[in-house]
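There are 2 protein chains.
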Amino acid sequence: MTQELEIKLRGVLETCLYVDDLDAAEAFYSKLPGLKLVAREEGRHIFYRCSRNMLLLFNPVHTANEQTDIDGNPIPLHGTSGAGHIAFSVDGENIDVWKELLVNNGIQIESEVTWPNEAVSLYFRDPAGNSLEIVSPSLWNGNV
Amino acid sequence: MTQELEIKLRGVLETCLYVDDLDAAEAFYSKLPGLKLVAREEGRHIFYRCSRNMLLLFNPVHTANEQTDIDGNPIPLHGTSGAGHIAFSVDGENIDVWKELLVNNGIQIESEVTWPNEAVSLYFRDPAGNSLEIVSPSLWNGNV
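Keeping their order, the protein sequence lines are chains A and B.
For what it's worth, our numbering labels the leading residue of the first sequence as 1, then goes sequentially.
For what it's worth, our numbering labels the leading residue of the second sequence as 1, then goes sequentially.
Hints may contain errors.
It does not matter which identical chain is used: a pair holds within one copy or between any two.
To be verified - Distance condition first, Cα-Cα at most 27 angstroms in a straight line; then the derived DSS-like pairs of lysine-lysine:
id, residue 1, residue 2
1, 8, 99
2, 8, 31
3, 36, 99
4, 99, 31
I should point out that these hints are in silico values taken from the structure, not numbers from a laboratory.
Put together the whole structure using the sequences plus the hints.
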């Protein structure tokens, strides 16, 4: 039955990071081309669209402690502390332009890594300390 | 210059969750069709491909404390505690089949939410307590 109906996860739709200061986060993420702000709830969250994916930034003080519901059905509590990590997909041939863009926006590049398959990762931090990476999808065999 | 070279983030390539027990995580995530195990480092991480996206499960005891590098360039430290959250994209018409699949695999559905635009979310937890959701991409206007 599973195969007939093609019951499978089609991708990661929502990725979350947790930040203590949503204003600082918005000022920072607005510098990254390709992110489109689609929702904001003061003090609780900022949501961005990034192509097919959603990047959700939450203040864990709210989401880990304050129960919300939709028509009486709870949205389960969640929220982390410490540095999360995500990687954004970029065109690999533009890594040098990205480096310039980040530096010109006052974003410090924490590390640059060239992987065995020649993909290059740039690592930097958001104001909450989350570790962000930009890299070509060729890092994962080019098909992701 | 930015527009000419189309300098933009193309999507979220890597999404991370943190787990304390990688064996328990692997046993759990192997029940979810659409996730393909692509790498495992004992005690440190398990990596899954999910269509265009990568889901990386890390033991934060390692990644938040033990510096690793590639040719002398550091992979920045990261790692969280507490319940993270991600949503997987599924075909919305199959939500009832997913509910059956989860229950048949001993996975408790924590909540079911019908959103104002009629998308339905099923929420459940991984063994580390991370909040997982499956939902149609129509939740975010159908284009993600």
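To see whether the hints hold, each was checked on the structure:
1. 8 / 99: between (37 angstroms within a copy, 13 angstroms between copies)
2. 8 / 31: The answer is between: 11 angstroms across copies meets 27 angstroms, while 35 angstroms in one copy does not.
3. 36 / 99: Cα proximity of residue 36 and residue 99: one copy only (21 angstroms, versus 32 angstroms across).
4. 99 / 31: Answer is within; shortest intra-copy Cα gap is 13 angstroms, inter-copy 40 angstroms.
Comparing the model with each numbered hint stated earlier shows that all of them hold.
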